[in-house]
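> So you can see what is in the structure, the chains are spelled out below.
There are 2 protein chains.
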Amino acid sequence: MSTIPDWITQLDTPYLLIDEAKLKSNISYLKQRVEARGSHLRPHLKTLRTLEAAEYLLSNKDSPATVSTLAEAEAYARAGYTNLLYAVGIAPAKLKRVAALRQQGINLQILLDNMAQVQAVTQFANQFEQDFSVFIEIDSDDHRGGIKPQDPQVVTLAKELGPHFTGLMTHAGGSYACNTATALRAFAEQECNAVRQAEKQLNDAGINSCVTSVGSTPTAHFGEEFSDISEVRAGVYTTFDLVMKNIGVCDFSDIAMSVVTTIIGHNKEKNWLLTDSGWMALSRDRGTASQDNDYAYGQVCKTDGTFLDGLCVNSTSQEHGVIELGDGYHPEDFPVGQQLRILPNHACATAAMHPVYHVLMSDRSHNTWQRIIGW
Amino acid sequence: MSTIPDWITQLDTPYLLIDEAKLKSNISYLKQRVEARGSHLRPHLKTLRTLEAAEYLLSNKDSPATVSTLAEAEAYARAGYTNLLYAVGIAPAKLKRVAALRQQGINLQILLDNMAQVQAVTQFANQFEQDFSVFIEIDSDDHRGGIKPQDPQVVTLAKELGPHFTGLMTHAGGSYACNTATALRAFAEQECNAVRQAEKQLNDAGINSCVTSVGSTPTAHFGEEFSDISEVRAGVYTTFDLVMKNIGVCDFSDIAMSVVTTIIGHNKEKNWLLTDSGWMALSRDRGTASQDNDYAYGQVCKTDGTFLDGLCVNSTSQEHGVIELGDGYHPEDFPVGQQLRILPNHACATAAMHPVYHVLMSDRSHNTWQRIIGW
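Protein sequences, first through last, are from chains A and B.
Quick note: the first sequence uses our numbering, first residue 6, plus one each step.
Quick note: the second sequence uses our numbering, first residue 6, plus one each step.
Hints in this document: simulated from the structure, not taken from any laboratory.
Source: prediction; values computed, not measured.
Check each hint, because a few of them may be wrong.
Since the list gives no way to pick one copy over another, a pair counts as held whenever it fits inside one copy or between any two copies.
Here are the computed lysine to any residue pairs in the SDA-like style, where the Cα-Cα straight-line distance is at most 25 Å [as the list claims (entries may be wrong)]:
#, residue 1, residue 2
1, 205, 132
2, 205, 333
3, 36, 102
4, 153, 97
5, 66, 32
6, 307, 125
7, 307, 235
Input sequences plus hints: build the corresponding full structure.
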């Protein structure tokens, strides 16, 4: 492993470390992959939620992007980004904030899957002479929300939306349960087929202008053909994490996020290390618990990134982590004050715990990025 | 149930709601209980981490308080608080921030349990002529860190610390596994006995000045006798939560924290409600999963606080919650746009997801409190 710059071990722990070179590589790979298969990416900005990460993910201020909260939409709009999809079913009371952004020239698009939401949109539109751009959510995997692709409600809602209707959107969250290339390819095809089928319903009903939006990190990496799909969304591929490694989307070496922690003690009787990174720094996410390889609260590495096989953060409290030393590891090799790096189960959840990220730039210099916080 | 003020349903969701009347009642009850048993409280500020909550928890600026990060210590010090215990084993590199606060006249006390930390303290103290105030952590329940009460290391470390030694501290985190009054009383006694035994070692070795600090929310509420204990610490009692309800420390009606959420859709086939509160708003904490009553990601109530028996947030993604409607509940009673309140599994974890809290004051007015963020 390469030597690391001094600043990495001089910051107070716990802190979140982003590896810029890996970030760039992950972003570039998926962009090229999707474009080579005939579509383009609408990256989800929810993993890192920073203006700096958006500069890596988006080619220019009009590039399509996805957000998970209106707070993100407002922050990216202030920074000049104009093409944003808020990919959570719209609560009627939030339409006023959506309208405020649209009145500033931001093409903030919204999502819905039921007539109550459609009526809220059209009533607001009529009352305030406000145009909206609305995606109907299609349920491609029986996972969460959305309308089944064959449900005639797709046509009913699109017609009722009239000029506010923009397209069909689905998210194959169920793909996270796959772990073979064959299953992932099939899931990606299923995801695309769901919007294809719903789009055919619309075409048959005379609605011919329809954007189609699919995606999740696993399906974006395994879909074989996107040429009839308008856009593909993905988010956690920006940094990847242990859940994605278990699914088979990346390798350990692609994970661009870690939490740097300090050893603060030992429980010699139990052969434990105690660290200053609990669930406040790592998150409570146990996404690998249901997968073939469970990394507990995260995989332990040295500060230079060297993987320490078999070492995980086994348990956490608010500001403490416990690492159980297995065979071949000795407490004297982990003195108090020494730092370690923890690869996260779920990058979105771990990043959410940190107001600031520290970034190892490709030239070994140090940047800090501020997270956009709140709703 | 009482009617609620209009502002409760007019804020954008998800948001964190604190009930001031319950907060005050919880705080007042434990203060009186501990004082009636011969000791005093050193409240842990980590649950809410706001200057406003500190005003409820602390009688004056010199009242004893506990913090979980140096960022909290620095923020409370700026607000004039002078008596703070940083209750996470000290990382040697953090001594410079501790020293900076002590030089400002803040009695910031630190914690340790091993000779490497002691040597870091004494070396720093000698090099910079800096006094410290140090607690030695005692392991009262084989749970995490600390020195066993009978271990002669207690005396060795205290002697090596010399003038920097202040006292003995233990935290019965293991009490969270109890759920009967008998077991909790026994655990509280075990916690006190651990510091009593360690203190006796010190007295026998000629060290007679020793502060003793015990506590966790369960043991603080069930300990029968604290008259020979200098201080009792507790944190989550400020608002309580479902984990504490399961342990038997509080009732549902004492829980002073909830997350207000909006219904954004239905999955009628599955009889699900979809909401705009995922794990970003509720936290990933599944603390009740290992208890007798599992509330999944939180117990559902109406906005006026009416308990909806059997309704939980069953699953979450980043910004979505799924509530499975059981027998006796009908989707038409939960229209899109209607709000609900979710009681948290673990108040510390849920509060950590929110940069701002909205507070229902006893006079029904609305306050906002800003969370102290970071390390």
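> Quick one: residue 153 to residue 97, C-alpha cut-off 25 Å, is that within a copy, between copies, both, or neither?
Within one copy only: 22 Å inside, 57 Å across.
> Since the copies are identical, ignore which copy is meant and state whether residue 307 and residue 235 lie within 25 Å (CA to CA) inside a copy, between copies, both or neither.
Neither: 43 Å inside a chain and 41 Å across chains, both beyond 25 Å.
> Pop the pair residue 205 and residue 333 into one bin, within, between, both or neither, using alpha-carbon distances up to 25 Å.
Result: close neither inside a copy nor across copies, 60 Å intra and 38 Å inter.
> If the cutoff is 25 Å on CA atoms, where do residue 66 and residue 32 land: within, between, both or neither? Let me know, please.
Result: close within a single copy only, 17 Å intra versus 50 Å inter.
> When Cα atoms must be at most 25 Å apart, do residue 205 and residue 132 count as within-copy, between-copy, both, or neither?
For residue 205 and residue 132, the Cα distance exceeds 25 Å both inside one copy (32 Å) and across copies (77 Å).
> Regarding residue 36 and residue 102, is the shortest C-alpha distance of 25 Å or less found within a copy, between copies, in both, or in neither?
neither (31 Å within a copy, 44 Å between copies)
> How do residue 307 and residue 125 come out at 25 Å by Cα distance, when the copy is not named: within, between, both, or neither?
between (53 Å within a copy, 22 Å between copies)
When the structure is compared with the earlier hints, violations turn up for hints 1, 2, 3 and 7 and for no others.
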